[in-house]
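*Asks:* Protein sequences, first through last, are from chains Y and P. The first sequence begins at 1 in this note's numbering and counts up one residue at a time. The second sequence begins at 1001 in this note's numbering and counts up one residue at a time.
Think of the hints as simulated: they come from the structure by calculation, not from any bench. Not one of these hints is a red herring.
Incomplete in silico selection of chain Y near chain P, CB under 10 Å: (1) 15; (2) 19; (3) 25; (4) 48; (5) 61; (6) 241; (7) 242; (8) 271; (9) 275; (10) 279; (11) 281; (12) 329; (13) 334.
Note that CB positions come from ideal geometry on N, CA and C, so glycine has one too.
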Amino acid sequence: MIWLIALFAIVLLLAGFEMFLVLALPTLVAKEAFYGTLPDAVLVQKVIGGINHSTLLAIPFFIFAAHLMGAGRIAGQLTQLMRVFLGHTRGGMGHTTIGAAMAFGSVSGSAPATVAAMGRIVYPEMRKTGISERFGLGLVVASAETALLIPPSITLIIYGWITGTSIAQLFAGGLAVGLFLGLAFSVMVTIEARRRGLKGEDRRPLADRLTALWEAKWALGMPLIILGGIYSGLFTPTEAAAVSVMYAIFVEMIVFRDLNWSKLVEVTEDSAVATSIIFVLLAVGGLLSYFVTLAQIPNDITAFLETANAGPIAFLMVVNICFLIAGMVIDPNSALLILVPPLYPVAMAYGVDPVHFGMIVTLNICIGMITPPFGLDIFVASSTLDRPVLSIIAGVWPFVAVNIIVLLIVTYVPDISLFIPNLIFR
Amino acid sequence: MGFLTLLRRAERVFLVSVFLGMVALFALNVVGREIGGEFASRLTWIEEAVRLLNIFLVFGALGLALERGRHVGIDTLRRALPGRAQRRIEKTIDAVGLLASLYLAWLAFGLTQFVLQTGQRSPTLDVPMGWIYAAPIMGFSLLALRYALSLFGVIDRFSQSPGMGGSGQGAQK
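Taking the hints into account, I'd like the entire structure generated from these sequences.
*Replies:* Structure below.
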């Protein structure tokens, strides 16, 4: 019976049903099949319970702030800032791309949004400095992933909500792992630049650097509010999110004057729709995880792994494989909602740190987003840069490989994830 | 002005005022806490109010998200099918979606009535708890309406979502 329900879900998924139906319909069937005596009211209660929590309020606020700040001149300013600091290195425009993606990620926290905003600016510049089409496309797509790790990250908030892990600690871990991933891509850029004999641009004078820094000051205010606010203890993550919306409205309406009232209405509505898309998944996810717990699936997994005599290392390998496959096929939020409830209790039983587990999960999702055939960022890059999907897929493979190596290192060296959280909190 | 135009305008007014209200209230809450004292303790209802508003925001936007083809789904395979098969699957999705959202709206309606009868009230706002469940009634009804409109060919929601989730995914996460 359970297999029939799983098969039903797969059919819905492949036919292209909305993801919330893919999660909800099999759950409703399972309820009728196994828990028919349970009152139907429970279903609605779980749906509301899945979204009625203050931790989750950070999500609509961060989405709103990113919609306000994400477009327009900020992407250009951050790219310019990175270019004057990194352009003179070997393969400088490649390093600039990575740095700009990470800086943009500290404002937006969305990998596809980062591809869309940065791609158009950095890709033509990379080509001008002699970076090949294949490598350039791969780099644009891959470096955008760091946005999922660098705070604010919706993925980490959702993980924190499902598992009850501190968002502030997850953000600290994400910062470290995001930097580590960026560094790995930088090494690739250097190797590629050496192979092709690329040089850097001329080193910029200090005055240029200071000018670029000054021009990007409003964009840089955002991470200052979010990270500074949270780690100084001034704000909770949710409060930091709300304050960053006020800040974004102030910057866009009063400083830049890019935003008038009717544009604000449009952006607000658009952010509401974007919020709804994520929360409807969280709502049916609440339903799903209720039945996962009722059916004692985590216990079954633990029992199975015990009889198979698997240690924590083998377990984490299983986690990596499950998430990689899920990330390749479905969207990151659904992957979290389906896989974290059954696997997290098992991870805890093996003594894995919650923050470390969160980093493993998020990195897996990152890889999924750039892995063919369904990786979302590939399609976003294809439409923003107007390049065929197949060219992007050709460029992305080496980055997927390096990403998997980074994942294995992060999985088996917990200190990378825990270094900053330990420094601040423990 | 047609019914749909009117509905879209109503949805827009609702969503924009709820969202901006949430931001204003929560920011006021932060300011209040910094000032502290009696002022802060008078603002304790804000957190709960914003949570409630968020629930209404989420369900209020469900229908619009569907109409604009923004809900997440994997349509790559379906799009690769020949036109006729594609249309057929799309109609099936619309029909199933319509039934599912009507069923969920009905469940929410039952729960609203039940909780209103118990007279349970929310902890700090002191409003009847049953009203929370009015949000899913509204949301799933708006969703059912869009599925029906798409099923009968009044709106075209399938032609505008490239890849998973379209710009909704693109804009965030």
